Amino acid sequence: MVILKIAFRNIFRQKRRTVLTMLTMVGGFVLASVSIAWSDGTYNDVINTFTRNRLGHIQVHYGDYLDRPTLYKTIAAADQVGEAIGQVEAVDAWTPRIYSAGLASAEDETTAVHMIGIHTDREDRTTRFNDKIVDGQPFSPGDTNAVIVGKGLAQILDTSVGDDLVLLSQAADGSLANDRFTVRGIVDTGEAMKDRSDLYIPLATAQEFLVLQDRVHEIVVTVQTLGLVDPTVTVIEQRLSNDTLTVLSWKEFAKDFYVAMRADQRGMWITLFVILLIVAVGVLNTVLMAVLERRREYGVLKALGTRPGQIFGLVSWEIAAIALAAVAVGTIVALLSNHLLSFHGIRLPDPISYGGMEFQEMRTELNIRSFVIPAVTVLATAMASALCPAWMALRTRAAMAMRLH
Amino acid sequence: MAKANTAVIQTEGLTKVYGEDRIAVHALRGVDWVVEPGEFTAVVGPSGSGKTTLLNVVSGLDTPTSGNVWLKGNPLSGMTGRALSDFRRDHIGFVFQAYNLIPVLTAAENVEYILLLQGVPAEERQQRVHELLTQVGLEGMTDRRPPDLSGGQQQRVAIARAMVAKPSLILADEPTANLDSETGSQLLNMMQALNQETGMTFVFSTHDRMVMDYARRLVRLHDGQITGDERK
Amino acid sequence: MRFLFCILFSLATTVAAQETVRTNDVTTPDQGDDRSPPDARTIVEIIDQLYRSDSSYSEVAMDIVTPHWERTLEMNVWTEGTEKTFIRILSPRKERGMGTLRIGREMWNYLPKVNKVIKIPPSMMMSSWMGSDFTNDDLVKEFTFAGDYHFSLVQPEYAQDGVLYIECHPKEGRPIIWGKVMLAVREEDYLPVWQRYYDEKDNVMRVLEFSDIRALGGRRLPSVLTMIRKTEKGHKTVLHYKELKFNVDVSGDIFTLRHLRSRL
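Residue numbers (this note's numbering), protein chains in the order written: chain A, 1 to 405; chain B, 1001 to 1232; chain C, 2001 to 2264.
Be aware that one or more of the hints could be misleading.
For the chain B half of the interface with chain A, some residues (derived, Cβ under 7 Å), not all of them [claimed, not checked]: (1) 1081; (2) 1088; (3) 1089; (4) 1104; (5) 1114.
Calculated directly from the structure, the hints in this document are not laboratory data.
Treat the numbers as computed from the prediction; the structure is a model and nothing was measured.
No residue lacks a Cβ here, since even glycine has one placed at the ideal position from N, Cα and C.
The following block holds chain A by itself, in its conformation from the complex (with noise of 0.2 Å):
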């Protein structure tokens, strides 16, 4: 098509002037990616540390559990709704958990805990349980009367690795289940404030104690990445096909916390907006001057039967193809410029504290997105500061510009 062969021709009549606009571009793109992937990657690092930690992308529980949690709202056959969990295939790990108040008493000293019944080995693969264990050891499969305290826990007992405790809690019969343990470690999850009443002890042990046969209150379910939490929550629900459980993802559970990121997401929209305010002043500069030196020209095409819409897409197209090249150079240094920071993430000075949880360095995360939507808008924003120059192009009186001379 002739008008393309002309639009293209026309980006190398001013090089200086078009070389000048793409930078604009090239820059407001990866500008664009770059702080996206920032801000993703920061935004992974953050719900993955927080959820990995403890929680889980996705939880399961009986009915309003979470809202309103009762030591006799649980899961039956526990073992098998994780099983089914666990053949699904985003899924990455599960683990049950049995939640119950009671009191601990070591020698002398006696508080009220937060007991955690929690699987001997699959609370390690789901939630790296055994790395925050800073004295003694992990559980090993068939340990029975073995606790894990929290660190400040063990402080406020007065108890380390070793030494014998005594739990004391109403089991789900009624009877009052107390029985010894031996602190077998001491765990460090950096939540202090869960640190001072969190105690552990194996699963098995805890059904057994609390009278909970094969029933658990939870089951945590960790996913392969961030992005396949909403489609696994749909495809556990099916797969369980039992109303009485309800699966929530970390959005839900933990909604303070996502409402918390959601409000920082919104930061990267609007560095994105300032940096598109710029390409687009940029655009339309170029465009503007363009067009106002061209008048004749298009008054020429006029008369000869050019039609205005082809002089609109003259204009429009000489921007596209500007904004094209712009988006893949853009796309060339924004990858290495993402790849790199996601290896060498950028250490802060002062360590960002968030949920409870500290971040000292940020890293982009290589996606999609970040390339996905600095392009579109790149390109929109460009076409967007486009339309006014081209509308006045093709509104070019030929009569009038074949005057100026």
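Chain A is fixed; fit chains B and C onto it per the hints.
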């Protein structure tokens, strides 16, 4: 309102006013004009007499304030921008005073442009372009771009382009104004020859004596009115 | 709440108080037209002293009903003054031998299975005692309606013939969690019918019902007390006094940790 006659151009009570009220400029004041096929006519008059305006209005590049234009019997009033474009593409060839050509296209491409718009097949395009550029004496320069051509050569390309689609009418607005007299006369000779060979209608606007000498009909325009119409 | 304390571990405070009770006991059957009009103070003092004496020994069965399980604890209870309580659980088998010792505001539980005495930390005082609808705190509180509440006779909408109603509001500065307590007593002998405990927003939080009046320890007393928590659907605890003796011999080492730790 179609006029069933053979006239290439017919105008009736054509007026054109630029601006409004006290600063209004009356470029045309009731022009009734007929151009028959095969004419080689010059519209002459001093600067500001309305020559260019007349040509613009006649070709649909500008709209009259009142009055009507028929081109080959077709009324221009009521045509959409797109229909006017197509009409010009198929029926009128233009040669302007200067800066006629699309600077980013070669001589051949400039000539080919209208054929491309018309959707003429490639083979025919090549042939016609070559034929016309030869006819205007530019073989061997077909791949040059306008900046690499002299003023006269550029006008030749413009003429070739104006003629390539075999229009019924060629409008030339001061085609020799920026040329030296020798180049100008060469160009006029060429156009005269083409007029005689092909029977194509040529209408010029000019205040160049030489053009008037070549013209077979002189239409004099003064203050937007026809004040004289002589045929040689 | 203090009432519960009275129920389980009736204590005598003063001889004078007992006199009041006895006087009342004597006058109650004497129902005649010439009876003086009911006086709120007299009634709350009767209620306050109903189960109290210098010391006591009782055999109690506690039925605990929840939507998830029902069970009955049988226990022996010794009290001395307002300060000391000792409870030993006899059945069911799983809990047999468990004990609770209270001296003043301190409490210990004994767990025979692990041979361990656990001192109840202050943070656990509001927790359930042995899974019942009574809290540990209920065993410790020592409030009296006469001393710690403003009280007056009222005539609520739901008033029934033969029943008197007393509205009690805690006095300023008392660590009492209730906004209001309503007492219903029989007009004929001032024995309690029920007590309703309200929160600050005037919602009924729990109801203690009295029934099955019989002779216990030489007094006429309701022998069955039912605690219903309105905040927990389907939960109630029913106390049956099978045996109640006032002013028994509690010399020796009943109220000691050593005794608590001894096996049955």
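Q | Numbers of unmet hints, in rising order | A | none
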